[in-house]
Amino acid sequence: IAGEFDGDVEWMEWSMGLLKLRKEMAAKARGRVCEVSVGTGRNMGFYTWGAEMTGRGGKEKGKKGEEEDGKGVVTSFTAVDKSPQMIVVAKDKFTREHPSVKGVQWVVQDASLPLPPSPSDDKKYDTILQTMGLCSTPHPAALLLNLSNHLAPGGRILLLEHGRGYWGWLNNILDSLAPGHAERFGCWWNREIGGVVEEVCGNGKGGLRVVEIKRRNWGTTWWVELERVEEGEEEKRVDEKPKSGWW
Numbered sequence: 001i002a003g004e005f006d007g008d009v010e011w012m013e014w015s016m017g018l019l020k021l022r023k024e025m026a027a028k029a030r031g032r033v034c035e036v037s038v039g040t041g042r043n044m045g046f047y048t049w050g051a052e053m054t055g056r057g058g059k060e061k062g063k064k065g066e067e068e069d070g071k072g073v074v075t076s077f078t079a080v081d082k083s084p085q086m087i088v089v090a091k092d093k094f095t096r097e098h099p100s101v102k103g104v105q106w107v108v109q110d111a112s113l114p115l116p117p118s119p120s121d122d123k124k125y126d127t128i129l130q131t132m133g134l135c136s137t138p139h140p141a142a143l144l145l146n147l148s149n150h151l152a153p154g155g156r157i158l159l160l161e162h163g164r165g166y167w168g169w170l171n172n173i174l175d176s177l178a179p180g181h182a183e184r185f186g187c188w189w190n191r192e193i194g195g196v197v198e199e200v201c202g203n204g205k206g207g208l209r210v211v212e213i214k215r216r217n218w219g220t221t222w223w224v225e226l227e228r229v230e231e232g233e234e235e236k237r238v239d240e241k242p243k244s245g246w247w
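Numbering follows this note's numbering, in which position 236 of the sequence shown is assigned residue number 236; successive positions increment by one, without gaps.
Quick caveat, the hints were computed from the structure, so don't treat them as lab data.
A hint or two may mislead.
What the hints assert, rightly or not - Pairs of lysine-lysine residues, derived as DSS-like cross-links and limited to a Cα-Cα distance of at most 30 Å, are as follows:
hint	residue 1	residue 2
1	Lys93	Lys124
2	Lys124	Lys91
3	Lys28	Lys124
What the hints assert, rightly or not - Pair by pair, the computed Cβ-Cβ distance ranges are:
hint	residue 1	residue 2	range
4	Ala141	Gly17	24 to 30 Å
5	Trp167	Arg96	38 to 44 Å
6	Ser15	Glu192	23 to 29 Å
Just so we're clear, the structure is a prediction, and the values are computed from it rather than from any experiment.
All residues carry an ideal CB built from backbone N, CA and C; glycine is no exception.
The task is simple: from the sequences and hints, build the whole structure.
Okay, structure coming up:
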């Protein structure tokens with residue numbers, strides 16, 4: 001599946017606007033970054049690489065990315081996926097397209113296990129990004145809690161996921177097609193993403209607060225931003241946008 005994955009999903013992701021969302025989400029990644037469920041590296045062309053990784057005084061934009069001064073600059077990067085075949089494809093593609101970027105850590109590992117440390121004194125990350133990953137783990141809430149443990153205070157988890165939509169008839173279709181989709185791509189696209197986030201953030205024990213939740217494609221595409229907060233920090237209002245227009 002790894003060698004054919006990009007070709008299998010390219011048109012679908014373009015038609016659903018997912019490539020644009022990947023680009024926008026990767027542009028928000030900053031500092032010490034870990035991408036889990038990195039797959040074939042479909043987001044890695046969208047990051048802005050700092051001088052720490054290019055060895056030059058300036059920044060290198062991802063081939064398809066756009067640079068915003070002072071925002072979204074990656075100073076270290078760790079790529080994690082449980083599939084060695086996916087990591088091989090991602091690494092080969094990235095090395096070919098970004099030969100000037102050095103120091104990426106490539107790690108074959110399940111993201112529900114303790115993550116490799118960032119190359120910094122506190123071993124934490126400023127950004128942990130995952131796209132289409134909660135669908136492929138048997139325990140999505142536990143995975144989010146594990147990611148939270150590796151965030152620096154104020155660090156963020158950025159998630160782009162597919163899950164249940166707004167309407168019952170649509171979810172019935174997703175449910176009926178889910179087994180075949182899971183067999184082909186290894187993911188269950190009918191998960192209740194909002195319920196997973198509520199389980200982790202709702203009781204305050206996960207050390208995370210919801211910054212923003214947006215939805216697209218009849219509610220089946222979820223954009224979620226979570227922030228690491230310290231115990232006792234005043235709870236802030238959840239900003240969940242209404243289901244109007246595309247979102």
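So, going through the hints one by one against the coordinates:
no. : hint                       : in the structure
1   : Lys93 - Lys124             : 27 Å, holds
2   : Lys124 - Lys91             : 23 Å, holds
3   : Lys28 - Lys124             : 18 Å, holds
4   : Ala141 - Gly17: 24 to 30 Å : 27 Å, holds
5   : Trp167 - Arg96: 38 to 44 Å : 43 Å, holds
6   : Ser15 - Glu192: 23 to 29 Å : 25 Å, holds
The structure is consistent with each of the numbered hints, conforming to all of them.
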